[in-house]
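Engineer: Just so you know, the sequences run in chain order H and W.
Going by the numbering used here, the residue at position 30 of the first sequence is 30; the numbering climbs one at a time, nothing skipped.
Going by the numbering used here, the residue at position 76 of the second sequence is 247; the numbering climbs one at a time, nothing skipped.
It is possible that some hints are incorrect.
Partial list, derived from the structure: chain H residues whose beta carbon lies under 10 Å from chain W [unchecked claim]:
| hint | residue |
| --- | --- |
| 1 | T11 |
| 2 | R31 |
| 3 | G73 |
| 4 | A118 |
| 5 | Y119 |
| 6 | T122 |
Partial list, computed: chain H residues near chain W (C-beta under 7 Å) [what the hints assert, rightly or not]:
| hint | residue |
| --- | --- |
| 7 | L30 |
| 8 | N33 |
| 9 | V57 |
| 10 | T58 |
| 11 | E62 |
| 12 | G63 |
Keep in mind that the hints were calculated from the coordinates and are not lab data.
Note that beta-carbon positions come from the ideal geometry of N, C-alpha and C, so glycine has one too.
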Amino acid sequence: MSTIKVDTLQTRAGSTAAVTGAGSLKVDNLRGNTAAASITLGDGSNTLGALSTAGAVTITGEGGTVTTNLQQGLAKVWMQATSASSVSIQDSFNVASLADTSAGAITPSFTNDMSTTAYSLTFGQSQFHSSLDTGGAGAITTGSYKHTTSNSSHAATDSAGQCSTLHGDLA
Amino acid sequence: MSTLVTNTITGLSTAANITIGSTPVVSASANSLTIRGEGSAQTSVQQGLAKVWLRADVDGSTLLDSFNMTSITDNGTGDYTPTFANDFNNELYSLTSTAQHGSSNNDDSRIMTQQNRNVTAGASRIRRTTANGSGTVGDGDYNVSIHGDLA
Numbered sequence: 001m002s003t004i005k006v007d008t009l010q011t012r013a014g015s016t017a018a019v020t021g022a023g024s025l026k027v028d029n030l031r032g033n034t035a036a037a038s039i040t041l042g043d044g045s046n047t048l049g050a051l052s053t054a055g056a057v058t059i060t061g062e063g064g065t066v067t068t069n070l071q072q073g074l075a076k077v078w079m080q081a082t083s084a085s086s087v088s089i090q091d092s093f094n095v096a097s098l099a100d101t102s103a104g105a106i107t108p109s110f111t112n113d114m115s116t117t118a119y120s121l122t123f124g125q126s127q128f129h130s131s132l133d134t135g136g137a138g139a140i141t142t143g144s145y146k147h148t149t150s151n152s153s154h155a156a157t158d159s160a161g162q163c164s165t166l167h168g169d170l171a
Numbered sequence: 172m173s174t175l176v177t178n179t180i181t182g183l184s185t186a187a188n189i190t191i192g193s194t195p196v197v198s199a200s201a202n203s204l205t206i207r208g209e210g211s212a213q214t215s216v217q218q219g220l221a222k223v224w225l226r227a228d229v230d231g232s233t234l235l236d237s238f239n240m241t242s243i244t245d246n247g248t249g250d251y252t253p254t255f256a257n258d259f260n261n262e263l264y265s266l267t268s269t270a271q272h273g274s275s276n277n278d279d280s281r282i283m284t285q286q287n288r289n290v291t292a293g294a295s296r297i298r299r300t301t302a303n304g305s306g307t308v309g310d311g312d313y314n315v316s317i318h319g320d321l322a
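Extracted from the complex, chain H is given alone in its bound form:
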């Protein structure tokens, strides 16, 4: 086995990558050699593909026969909130603020907006049940949605736990 000991790698044009010791390499861009858009990681059992396509990195699925899109598979918003006594966010991702819209209805506003209103939104709740509200002012926008919980008499009712998960395309 041959070993090259070096602190800095430099192209003839002057770009450098630094070898900083202890197995660390400082570099701004990684690119596949055989195929520029494909890099294999670790022990060679997982490959990232489509690296040349913005926003569409692929990874091989569990069965090994097809690839799946990393960005498309990621939840862009999730939240658990309560409206039982007062409205508040328990925990969340990509939520900037939460508004108390009306009884049983809360409206989170996103930190980073979606590209369209045609995103996929699923709900869960600790009490009662939820339905998708696509009507009315501000029900669904690229930057927010309204989550309403209803009781067994179909009346909008505050709930101790209102959960939601959003998948779709970021702006």
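Chain H is already provided as a structure; the job is to place chain W on it using the hints.
Structural biologist: This is chain W only, laid out in the frame that chain H set:
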């Protein structure tokens, strides 16, 4: 800007372990790449990804936007079968769905139910029903997301 051109990135101390910035990434088994979660544990990238999501239009069978979908079959009023582009390895995936509410304030309780006898690796029949389970109701918007193992 420096660019490193290579086919494989392998850890020095442990071949499967690479750190990107301050985030450990481990590739130690086929089709299971892990990344450090918000705390100290590693989590599977593949397992955490939604494999299907969709937003259906008011007719229930038109895709407004989707991922890994080919089409939705309209089986009748409030009765649909979304078909996936890339199949799962079995029918034991996790499907969650939310339905559009009814047209009036006292008619706002619609849920989507999955028909267990009509679930395959490549499609899943779902129905839009009332929250009290009284039966299938009219067409309307709904959303679906699915997590599970791809084939």
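Engineer: Hints first: check each against the structure and report whether it holds.
Structural biologist: Taking the hints in turn, this is what the structure says about them:
1. The restraint placing T11 (chain H) at the interface with chain W holds, with a minimum CB-CB distance near 8 Å, inside the 10 Å limit.
2. Interface hint at R31 (chain H): satisfied, since its Cβ lies 5 Å from the closest Cβ of chain W, which is below the 10 Å cut-off.
3. With a cut of 10 Å, the hint placing G73 (chain H) at the interface with chain W holds, because the nearest CB-to-CB distance is about 3 Å.
4. Against a cut-off of 10 Å between C-beta atoms, the interface hint on A118 (chain H) holds, since the closest Cβ of chain W lies about 4 Å away.
5. Residue-level restraint check for Y119 (chain H) holds (minimum Cβ-Cβ distance to chain W is 6 Å; threshold 10 Å).
6. Interface hint status for T122 (chain H): upheld, as the beta-carbon distance to the closest one in chain W is roughly 4 Å, under 10 Å.
7. Because the closest C-beta pair between L30 (chain H) and chain W is about 5 Å apart, less than 7 Å, the hint holds.
8. For N33 (chain H), the interface hint holds, since its Cβ comes within 7 Å of a Cβ in chain W; the closest pair sits about 5 Å apart.
9. Interface restraint check: V57 (chain H) against chain W, minimum CB-CB distance 10 Å, threshold 7 Å, status violated.
10. Given hint, T58 (chain H) at the interface with chain W, is violated; its Cβ is 11 Å from that chain's nearest Cβ, farther than 7 Å.
11. Contact between E62 (chain H) and chain W, as hinted, is supported at the beta carbon level, the nearest pair being about 4 Å apart and thus within 7 Å.
12. Look at G63 (chain H): its Cβ gets to within about 4 Å of chain W, closer than 7 Å, so that hint holds up.
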